[in-house]
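> Chain by chain, the residues run as shown.
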Amino acid sequence: MLAGWFRAGTTPTAFYLFLATSATAPTADINTKSELTEIADTNGYTAGGISVARNSTDFDVLTEDDGNDRALVQLKDEVWTASGGNIPASGNGARYAILTDDNATAGSRDVLHYWDLTSDRVVSDTQTLTLQNCEIRINES
Amino acid sequence: MDILKYFKKKEAPTTQDRQYFEYAPADIYPKTARKIIDVVRNHREVPNNLLLYLAEARRIVDYLELVNTPKNKCDENAIPLRARALELCRLWFTEELHASIGFAPMHLHITSDERYRL
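Sequence lines, in order, name chains V and E. Heads up, the first sequence stops at 143 in my numbering, and the numbers go up one at a time, no gaps. Heads up, the second sequence stops at 301 in my numbering, and the numbers go up one at a time, no gaps.
Calculated from the structure, these hints are not laboratory results. Accuracy of the hints is not assured; some may be wrong.
[As the list claims (entries may be wrong)] Using C-beta positions, here's what the derived DEER-type ranges look like: (1) E:Leu301 to V:Ser85: 40 to 46 Å; (2) E:Ile262 to V:Glu142: 20 to 26 Å; (3) V:Met3 to E:Asn231: 33 to 39 Å; (4) V:Thr83 to E:Ala209: 40 to 46 Å; (5) V:Gly87 to E:Leu301: 40 to 46 Å; (6) V:Thr34 to E:Glu228: 40 to 46 Å.
[As the list claims (entries may be wrong)] Facing chain E, according to a computed beta carbon distance under 8 Å, are these residues of chain V, among others: (7) Ser58; (8) Thr65; (9) Gly69; (10) Asn70; (11) Gln134; (12) Asn135; (13) Ile138; (14) Glu142.
On a predicted model such as this, the values are computed, not experimentally measured, just so you know. Even for Gly, the Cβ is constructed at its ideal location relative to N, Cα and C.
Sequences and hints are given; from them, build the entire structure.
The following block contains the structure:
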């Protein structure tokens, strides 16, 4: 954000939403994807996660809340369907959903936001994991 | 509640890539709180897109009327519950509004009203 707004840097053309295990809990001090542990890929989950476009399709609800001096941005529902086996294929389940930028080097992607799925989630073969209305709060003050 | 019955659609100040809605908090919070209370207490069915919020609705149904109490008149111990009630009502209302336009992209503008500040 600082690079894009105040340093005339390059803003990402898209974001990525990936799933991480509970091995490392994301905090405000986490900077890049490499500091977290992504779930195992295959069976319907692709390493790096789902691409999220910077448009009204993928960020489909914007709320301007004057009374609380904030804006709220919701992602469209994101869905993973397990096919050919469970998601994740091995190891621990998905505990966090993480939004990153689109750095070509996946491990260097900036962590922008995260959501706690409250427990390790494993999606059985043919079942789906839907993240509904993931919301980012941006405070003005 | 017919969600569209209460909305005031206004032209967006600039070209928008989404439908624009403007609501006053006094239109959103009391009516939505009443609706949620009715849903929970009378075990009414809700569409799948609202199931996400039903667990929280059940947990705080006894406190949803707190949305009608300004923060400075609220018992100190009840302030966190009031905040949860306001947030639940906002999310529920937003989801209903979004569903009413077929989940098309939208911009919801909630105007300022100190009585409903978190």
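> Indicate, hint by hint, whether the structure satisfies it.
Against the structure, the hints come out as follows:
no.: 1; hint: E:Leu301 to V:Ser85: 40 to 46 Å; in the structure: holds, 42 Å
no.: 2; hint: E:Ile262 to V:Glu142: 20 to 26 Å; in the structure: holds, 21 Å
no.: 3; hint: V:Met3 to E:Asn231: 33 to 39 Å; in the structure: holds, 34 Å
no.: 4; hint: V:Thr83 to E:Ala209: 40 to 46 Å; in the structure: holds, 42 Å
no.: 5; hint: V:Gly87 to E:Leu301: 40 to 46 Å; in the structure: holds, 44 Å
no.: 6; hint: V:Thr34 to E:Glu228: 40 to 46 Å; in the structure: holds, 45 Å
no.: 7; hint: Ser58; in the structure: holds, 4 Å
no.: 8; hint: Thr65; in the structure: holds, 5 Å
no.: 9; hint: Gly69; in the structure: holds, 4 Å
no.: 10; hint: Asn70; in the structure: holds, 5 Å
no.: 11; hint: Gln134; in the structure: holds, 5 Å
no.: 12; hint: Asn135; in the structure: holds, 7 Å
no.: 13; hint: Ile138; in the structure: violated, 14 Å
no.: 14; hint: Glu142; in the structure: violated, 12 Å
Checked against the numbered hints given earlier, this structure breaks hints 13 and 14; the rest are met.
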